[in-house]
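Student: Top line first, the protein sequences correspond to chains A and B.
The numbering of the first sequence is my numbering, which starts it at 1 and goes up by one.
The numbering of the second sequence is my numbering, which starts it at 1001 and goes up by one.
No lab work stands behind these hints: they were computed from the structure.
The beta-carbon is built from N, C-alpha and C at its ideal position, and this holds for glycine as well.
Among chain A residues calculated to face chain B with C-beta under 7 Å, some are:
id: 1; residue: Leu45
id: 2; residue: Glu59
id: 3; residue: Tyr95
id: 4; residue: Ala101
id: 5; residue: Met102
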Amino acid sequence: QVQLVESGGGVVQPGRSLRLSCAASGFTISTHGMHWVRQAPGKGLEWVADIWSDGNKKEYAESVKGRFTISRDISKNTLYLQMNSLRAEDTAVYYCARDIAMFALDYRGQGTLVTVSS
Amino acid sequence: QSALTQPPSASGSPGQSVTISCTGTSSDVGGYNYVSWYQQHPGKAPKLMIYEVSKRPSGVPDRFSGSKSGNTASLTVSGLQAEDEADYYCSSYAGSNNVFGTGTKVTVL
Chain A
1 QVQLVESGGG VVQPGRSLRL SCAASGFTIS THGMHWVRQA PGKGLEWVAD IWSDGNKKEY
61 AESVKGRFTI SRDISKNTLY LQMNSLRAED TAVYYCARDI AMFALDYRGQ GTLVTVSS
Chain B
1001 QSALTQPPSA SGSPGQSVTI SCTGTSSDVG GYNYVSWYQQ HPGKAPKLMI YEVSKRPSGV
1061 PDRFSGSKSG NTASLTVSGL QAEDEADYYC SSYAGSNNVF GTGTKVTVL
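Just chain A, with the same shape it has in the complex (with noise of 0.2 Å):
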């Protein structure tokens, strides 16, 4: 049974640093694309990033980029998601997804909040 569970959400102060977690289970993240999707509260939904399936190509949100960080450990079948200098808009339900097609994401979790105030 595919399951994908995300961890490592929380309070934290505008301007550090927080990494989430999503643990796999019932498949093996190597073969498949893996993404980030954030939904702040009210909102819709936002693309964060991915890394495809081989490992060699990471793509960011324009909102993200150079601030976060997509990488994944294959031993343990878990994907991260490395956050720097956070902002009060990175405030936002973080959903990890596994692709069964372009862009076309298999969500099997129930997200991790990360909020941003001081």
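Once you've looked at the hints, dock chain B against the given chain A.
Tutor: What follows is chain B alone, placed relative to chain A:
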């Protein structure tokens, strides 16, 4: 990359059909056949309903269908049921910058 444009709301009575539009540009919707649609109930994660414009993942009822013409994609929900009441988002591959739609709240009257 700007968000794709969707109507804020749509509604229909049980058994009727509702169609949601998703308008982008030649750099996203019009440039690729990689449009997806997601259903999201309050407090829940999104669920993939349509991908590659018109394909349905396993388990999605055939009441849900997708199409595209030029820079505009559409999702049609036929035979509306109470459980179809939710927010719906389109998305499109856009090169190195993927994009979601603004979202449409579907109400079953």
